[in-house]
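Protein chains in written order, with this note's numbering: chain A, 1213 to 1641; chain B, 11 to 366.
It cannot be assumed that every hint is accurate.
As the list claims (entries may be wrong) - Among the chain B residues that face chain A by a calculated CB cut under 7 Å, a handful are: (1) E80; (2) A82; (3) E157; (4) I221; (5) Y222.
The set of hints was computed from the structure by calculation and includes no laboratory data. Quick reminder that beta carbons are idealized off the backbone N, C-alpha and C, glycines included.
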Amino acid sequence: MSKKQLYIIVGIFAIITLGFFLASFVLTQGNKKPDNNQNGSISNFFPFGNSNNTTTTSGGKNQAANDPNSQQNIATGVKKNLPILRQITKKAVAGLYATQKSGKSYVNYTEKETGNVFETRLEDMQTNRLSNSIMPRISEAYFANQGNSVIVRYLKNKGDTVSSFILDIQKTAQQDLDNASTSATLPNGRFLPAGVMNMVVSDDEKTAFYLTRSEEFNNRSSFGSVYDFEKNTVSEVFHSPFSEWLPVSFNSKNVLLQTKASQNVPGYLYSFNIKTGILQKIIGGINGLTTLPSPDGQHILYSNSTKGGLALHVLHSQDRTTTDLILKTLPEKCVWKNDNVTLYCAIPGNIPSMDYPDAWYQGTVSFSDNIWQVDTKIGKVTTILTSSGFTMDPLDMTSLTLSPLQDYIYFVNKNNSSLWAFEVGKAEI
Amino acid sequence: MRFLLYTDTMKKIYISLLVLVFFVVFGGYAVGQSNSLDGGFSSLTGTGSSKNNNIAVNLSLSPKYPGAKESATVLASSFQVDLDTTFITWYQDGEMKLSGVGKKNFTFNTGVAGNTSVIKISMDTTKFGSVSKEISVTPTDLDILWEADTYVPPFYKGKALPSSQSTVRVVPFPSFVGSDGYFNSKDLVYKWKAGYFGNPEDSGYGKNTFIYKTGYAYNTDTIEATVSTMDGGLSVTKKTPIYVSEPKVVFYENQPLGGMRYENSLTSSFRFTNNEITVHAVPYFFSLIGLDSGAASFDWRLDGRKLETDPDNIMEFTFRKPDKGSGKFQLGLTVDNIGYSLQTTSKKITISYDNQ
Chain A
1213 MSKKQLYIIV
1223 GIFAIITLGF
1233 FLASFVLTQG
1243 NKKPDNNQNG
1253 SISNFFPFGN
1263 SNNTTTTSGG
1273 KNQAANDPNS
1283 QQNIATGVKK
1293 NLPILRQITK
1303 KAVAGLYATQ
1313 KSGKSYVNYT
1323 EKETGNVFET
1333 RLEDMQTNRL
1343 SNSIMPRISE
1353 AYFANQGNSV
1363 IVRYLKNKGD
1373 TVSSFILDIQ
1383 KTAQQDLDNA
1393 STSATLPNGR
1403 FLPAGVMNMV
1413 VSDDEKTAFY
1423 LTRSEEFNNR
1433 SSFGSVYDFE
1443 KNTVSEVFHS
1453 PFSEWLPVSF
1463 NSKNVLLQTK
1473 ASQNVPGYLY
1483 SFNIKTGILQ
1493 KIIGGINGLT
1503 TLPSPDGQHI
1513 LYSNSTKGGL
1523 ALHVLHSQDR
1533 TTTDLILKTL
1543 PEKCVWKNDN
1553 VTLYCAIPGN
1563 IPSMDYPDAW
1573 YQGTVSFSDN
1583 IWQVDTKIGK
1593 VTTILTSSGF
1603 TMDPLDMTSL
1613 TLSPLQDYIY
1623 FVNKNNSSLW
1633 AFEVGKAEI
Chain B
11 MRFLLYTDTM
21 KKIYISLLVL
31 VFFVVFGGYA
41 VGQSNSLDGG
51 FSSLTGTGSS
61 KNNNIAVNLS
71 LSPKYPGAKE
81 SATVLASSFQ
91 VDLDTTFITW
101 YQDGEMKLSG
111 VGKKNFTFNT
121 GVAGNTSVIK
131 ISMDTTKFGS
141 VSKEISVTPT
151 DLDILWEADT
161 YVPPFYKGKA
171 LPSSQSTVRV
181 VPFPSFVGSD
191 GYFNSKDLVY
201 KWKAGYFGNP
211 EDSGYGKNTF
221 IYKTGYAYNT
231 DTIEATVSTM
241 DGGLSVTKKT
251 PIYVSEPKVV
261 FYENQPLGGM
271 RYENSLTSSF
281 RFTNNEITVH
291 AVPYFFSLIG
301 LDSGAASFDW
311 RLDGRKLETD
321 PDNIMEFTFR
331 KPDKGSGKFQ
341 LGLTVDNIGY
351 SLQTTSKKIT
361 ISYDNQ
């Protein structure tokens, strides 16, 4: 075979190969549907009902496909065009924990009826069970230790004594979850002393500060203790002749202690230094005071009671100046962004004239909230979610939590304790 | 060449050191002279200093013990200098705040408790030249907290309020800072007053709680506390109003698995969603002694008919929906804390059902 012939054969072969690849490419493009998952597409504005499957992910062994608690309208393991406001659970949750894995947002939560712990990946709403230990009637759950420990709190028998059990999820997951869908297992963990009144987990999640009190009223004292999750040790660090404290934040050096609030009672917020034992006032003498410190502790969002209503302010600790906000809500319905400037707040559409915060704590009033973004430096406020555009359910939001990636705001609807997520990253501002 | 360079550098260093030594020695001497002049009028809360010891300038503070973040006034007086015709400059923590002829008073805001402000007056006198004086002001603070021995449910984040004739403990939180730091609240002297009447029995050294019985509902009790150091060097008086509330009953659903739904009370009219409902009554702000001892009565009624109460569980009742038809019934509860006049209240709700 001459060289010329060889070139011709190779050339023809190359043209055929190129043509084959070109045809494949054209055919593939022709079959491809428009991407319905794009930000801002009209499907995003319909809550819950969209079912255009784009990709399918594999289902995990412990995923909650058959679990009654799995999110409504969304089949597990199937990625969908998800609305920016999503109901994660129908059933009541006792507490939640925002986390991320490999750059994807997850939310963990404890179900009130069973005490089971679940995790939901927000990207596709896939839900996995992390613990199947049956512990019914859970009132509160605090996650700690990178989400590996949950302090579940419930009423003992028919009395008013609160039990606090530290559930070790990591051990549960390793040992027992293979049979999660068929049989419940005994919880791994240990109890805190009975009668823990209130508690807060430290910023680094390694410790928790909790309060107990002596029984006899006339000589009553309250005691603050720090529980170390890793060492499983307890050390008493605080002692006070006053007992109506509410710990609002804890950074392993300082605990911020707020007095329990009522409409006509001046409230106070103190910083307790664990090392020096000094209790120093941050703000006080404010009727109905409730507070929410920023992540760096330099700004305090606080509300005070007005006649039949509420007012909201930010105290800047360094220069002791205050910014009055035009929005009206309780700090319990807000969350700080990590920049220590931006707030996301659930703002009631209407606040009936009542005693606040008492009426809201007693559950004798319920709100229907929208989410607003607040720039605390310049006082600028912007609506970022009008919830009535997405759901008929009135959302009385509480336990607002921002995902570590700052792309989701999770909250609990106080009306039925269901868990929701709002994709703040896709909000139109 | 290198040696010469080294010598030049050394020469410069020697000269610099000599100049430095000169300034340190003479500067130190000057400061020492200035300090040695210090004395004269002693200030109330700190050390005073004057450039001219021969001139008596008196600085007084009003109020005598200013609280934290309060307005306080320093008044200057002197029998040697006619302050009305003298040019006076006031400084707060080194920053000039006020100046002018005859400016004898300076009003300023104190810092947080224990945070010392240094107030300095500087005068240009025709007779004595420049005269200055300082006063250190360390504000005290007193918060009066209180708690009532009344019932609120577990996990309740609000305050337990006092109702008629309930017991209240008042606890002061003084912030007194001395040379050794914060005073221990147990090392201070307390004087208590309820309304117009002093309570000498409850007052005294280390008596940092005051317990009393409230008056009747809708009244406001006023409790006054005066807290002082043993030597009386620091003292502060504050009053707190304590509003006496009315007790109330709120109904909640107690779910078999979900537990108590304290988050939402049952509204005055609601419908059966399941076959049965357990209604739990929370007697907010009733005195705990009466509730714990069983002295309180819970009178449950269904359409006016008395219901027999389980003595071990008087705070709740379970109702089952009738199997057929539709209708409604009225559930009523009267709670009476016997032994506490006016600690009584009633609540009614309507429960409806529909089997169609």
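A quick look at each hint next to the structure:
1. E80: violated, 12 Å
2. A82: Because about 16 Å separates A82/B from the closest Cβ in chain A, which is outside the 7 Å limit, the hint is violated.
3. E157: holds, 5 Å
4. I221: holds, 6 Å
5. Y222: violated, 11 Å
Hint check: violations occur at hints 1, 2, 5; the rest are consistent with the structure.
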